[in-house]
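Number of protein chains: 2
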Amino acid sequence: MDELENLDDPLKTQIANLALPIKDDLLSGAAEIALRAISVFQTALNLAPADKKEDAPLLKSILTATAKALIDVQPAMAPLLHLGNSVLSAIDNATSVGEIKVKTDEALTKFEYTLCASAATIADLAYDLIDPGELIFAYSFSSTVVSCLLNARARGRFFRVVCTEARPSMEGRKLASRLASGGIEVIHTFDNAMGLVLGNCSAAFMGCDCIARPGVVNKVGSWMLAVACRELKVPLYALSGTEKFIPDDRMFDFEKHERPAAEVWDNSPRGVAILNHQFDLVPYDLLTGLVTEHGILKESDIEPYLVNSNSTMHRALILEASTR
Amino acid sequence: MDELENLDDPLKTQIANLALPIKDDLLSGAAEIALRAISVFQTALNLAPADKKEDAPLLKSILTATAKALIDVQPAMAPLLHLGNSVLSAIDNATSVGEIKVKTDEALTKFEYTLCASAATIADLAYDLIDPGELIFAYSFSSTVVSCLLNARARGRFFRVVCTEARPSMEGRKLASRLASGGIEVIHTFDNAMGLVLGNCSAAFMGCDCIARPGVVNKVGSWMLAVACRELKVPLYALSGTEKFIPDDRMFDFEKHERPAAEVWDNSPRGVAILNHQFDLVPYDLLTGLVTEHGILKESDIEPYLVNSNSTMHRALILEASTR
Numbered sequence: 001m002d003e004l005e006n007l008d009d010p011l012k013t014q015i016a017n018l019a020l021p022i023k024d025d026l027l028s029g030a031a032e033i034a035l036r037a038i039s040v041f042q043t044a045l046n047l048a049p050a051d052k053k054e055d056a057p058l059l060k061s062i063l064t065a066t067a068k069a070l071i072d073v074q075p076a077m078a079p080l081l082h083l084g085n086s087v088l089s090a091i092d093n094a095t096s097v098g099e100i101k102v103k104t105d106e107a108l109t110k111f112e113y114t115l116c117a118s119a120a121t122i123a124d125l126a127y128d129l130i131d132p133g134e135l136i137f138a139y140s141f142s143s144t145v146v147s148c149l150l151n152a153r154a155r156g157r158f159f160r161v162v163c164t165e166a167r168p169s170m171e172g173r174k175l176a177s178r179l180a181s182g183g184i185e186v187i188h189t190f191d192n193a194m195g196l197v198l199g200n201c202s203a204a205f206m207g208c209d210c211i212a213r214p215g216v217v218n219k220v221g222s223w224m225l226a227v228a229c230r231e232l233k234v235p236l237y238a239l240s241g242t243e244k245f246i247p248d249d250r251m252f253d254f255e256k257h258e259r260p261a262a263e264v265w266d267n268s269p270r271g272v273a274i275l276n277h278q279f280d281l282v283p284y285d286l287l288t289g290l291v292t293e294h295g296i297l298k299e300s301d302i303e304p305y306l307v308n309s310n311s312t313m314h315r316a317l318i319l320e321a322s323t324r
Numbered sequence: 001m002d003e004l005e006n007l008d009d010p011l012k013t014q015i016a017n018l019a020l021p022i023k024d025d026l027l028s029g030a031a032e033i034a035l036r037a038i039s040v041f042q043t044a045l046n047l048a049p050a051d052k053k054e055d056a057p058l059l060k061s062i063l064t065a066t067a068k069a070l071i072d073v074q075p076a077m078a079p080l081l082h083l084g085n086s087v088l089s090a091i092d093n094a095t096s097v098g099e100i101k102v103k104t105d106e107a108l109t110k111f112e113y114t115l116c117a118s119a120a121t122i123a124d125l126a127y128d129l130i131d132p133g134e135l136i137f138a139y140s141f142s143s144t145v146v147s148c149l150l151n152a153r154a155r156g157r158f159f160r161v162v163c164t165e166a167r168p169s170m171e172g173r174k175l176a177s178r179l180a181s182g183g184i185e186v187i188h189t190f191d192n193a194m195g196l197v198l199g200n201c202s203a204a205f206m207g208c209d210c211i212a213r214p215g216v217v218n219k220v221g222s223w224m225l226a227v228a229c230r231e232l233k234v235p236l237y238a239l240s241g242t243e244k245f246i247p248d249d250r251m252f253d254f255e256k257h258e259r260p261a262a263e264v265w266d267n268s269p270r271g272v273a274i275l276n277h278q279f280d281l282v283p284y285d286l287l288t289g290l291v292t293e294h295g296i297l298k299e300s301d302i303e304p305y306l307v308n309s310n311s312t313m314h315r316a317l318i319l320e321a322s323t324r
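Quick mapping for you: the protein sequence lines, in order, are chains A and B. According to the numbering used here, the first sequence holds residues 1 to 324 in order. According to the numbering used here, the second sequence holds residues 1 to 324 in order.
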């Protein structure tokens, strides 16, 4: 079954171009990227050529292709999978273009609402993890972590944040700027200096791109942070809505996400191979807890949130053995 | 007693300028910097103004000031301390300018010879730590590590090296280039990606700037490397001649070595404080061994090499309580 066979090449190119800015967004957290993806779906609703505006199967194909394209450009970002899944499941039984549009809009609105409500609950839980007057370590750029820290500051808690660059895309600078402009005092250094600052922190926060049985996937360097936190006895929390849970069979898709060598070292000399992987995996035993909208979870609590491809995923998004 | 009171300001400025390039050399290893410092002493021998060329006390003051200036610009680099100590101890009883010059030349030549002989022995020991066909991790830039790896390759051992950037001065790129041009295949990535590559390595090598009872001081990031190596069960060796041992009371001088914020983030936003420390401390229990010209040492073997300020250092180089 190829649900995309009625798409012509210009349309396929248009869809791919819609997803492209999401591929190149290395600075935003997963939740922030999900919000951007919502507007990609809104744009995709109007992609059909003028003479086919009322072709319901074509619009379904466009939305299916959009969902797949978004997942493809950021395979580690769980919310993109769930957003696509929500849209495709919502329009499955729709028969007219009008109905597809209404159902899609509803699914997008509901997804955005859930994301925001879940962020608010997580911020409340994180507030209690920030000791007054203490230093908090924050790694990479996570929109969830940023909103938790700004929320705590707005509620009058005083604390300082230490963060590092997060090479090679340096989204740690975006984190530092965002927090500083929100009135939080920030101390910033480079990633390999983590060991010099972490020991003075009362807790460390990280975001997360996806979660499954093996652990939490986040920006590369999270594993080093986690090992250093354990060594220095600093509690480490991953702040993340349960929309980050994905099927186990997609877990290692993040390993596909290799970026261009030039981002690390432009014109590196002959004989030097460059590795530019974006993510690594933090096993649960290195985490103090997963702060979600359902409370602070330990490994033993995650069973109910694990996602089963075959029972919860739309058929168009289930990975076939041959595509692995 | 101020042995430097007979130096006028222009002469003090000349001496400070001689040491300046050593201060700004963030890319060379400690042994390489010691070789550069030898030529600084050779230049200093000719600094006296024409009308005072035969003033022996003045030349002694010039050499004392040169030794202090070199130690001051790179307080973590042990060989500079020992080089200065060798020169000052050698000229202590010299009474004429001619004698001072001869004794200085002898001390410099002996120091250089010892440094090279010790490097050759360390290279032999390191050769046996490089398993054929394996991956070796190397951190930062250490002239001792580079010469060991190139020596092993030249002796026909085939292996690959993984290294990381070593932010902010990126001397890992110098390491990668030097090894690649010596025929070693190199894999290069950024520092926070250490966890993705280290697990595939059969051993990790680092250099060292100084050693004392608390542990080994090296480029910042070495502590993270050491913690990651232990977690992944990769043996970690510090390759270093025993000229890196320094008195315990100088051990934490490396913490003074803060570099400009702009090297980390030029024009960082208001409210963001930048930390740019160059070194960190690796305690012995995180090291598999210290590869020296006297064999591979464990913590229990270091006692004979510990340096006592009062019995082995020239009086001009002993730290007074008031200067701490």
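These aren't lab readings, by the way, just hints derived from the structure by calculation. Among these hints, one or two may not hold up.
Since the list gives no way to pick out one identical chain from another, each pair is judged satisfied if it fits inside one copy or across any two copies.
Claimed, not checked - Lysine-lysine pairs mimicking DSBU-like chemistry, simulated, CA-CA at most 30 Å apart:
no.	residue 1	residue 2
1	Lys233	Lys298
2	Lys53	Lys298
3	Lys60	Lys298
4	Lys256	Lys174
5	Lys60	Lys174
6	Lys256	Lys23
7	Lys256	Lys233
_At most 30 Å between CA atoms: does that hold for Lys256 and Lys23 within a copy, between copies, both, or neither?_
within (13 Å within a copy, 43 Å between copies)
*Alpha-carbon proximity between Lys53 and Lys298, which holds within one copy, between copies, both or neither at 30 Å*: neither (49 Å within a copy, 76 Å between copies)
*asked:* My question is about Lys256 and Lys233: at a cut-off of 30 Å on alpha-carbon distance, are they close within one copy, between copies, both, or neither?
replied: between (33 Å within a copy, 26 Å between copies)
*asked:* Treating 30 Å as the Cα threshold, decide for Lys256 and Lys174: within, between, both or neither.
replied: both (25 Å within a copy, 29 Å between copies)
_Cα distance capped at 30 Å. Does Lys60 pair with Lys298 within a copy, between copies, both, or neither?_
Classified as neither: same-chain Cα gap 39 Å, cross-chain 67 Å, threshold 30 Å.
*Given identical chains, is Lys60 near Lys174, meaning Cα to Cα at most 30 Å, within a copy, between copies, both, or neither?*
Close neither inside one copy (37 Å) nor across copies (54 Å); limit 30 Å.
*Please work out whether the CA atoms of Lys233 and Lys298 approach to 30 Å or closer within one copy, between two copies, in both situations, or in neither?*
both (17 Å within a copy, 26 Å between copies)
Consistency note: the structure conflicts with the earlier hints numbered 2, 3, 5.
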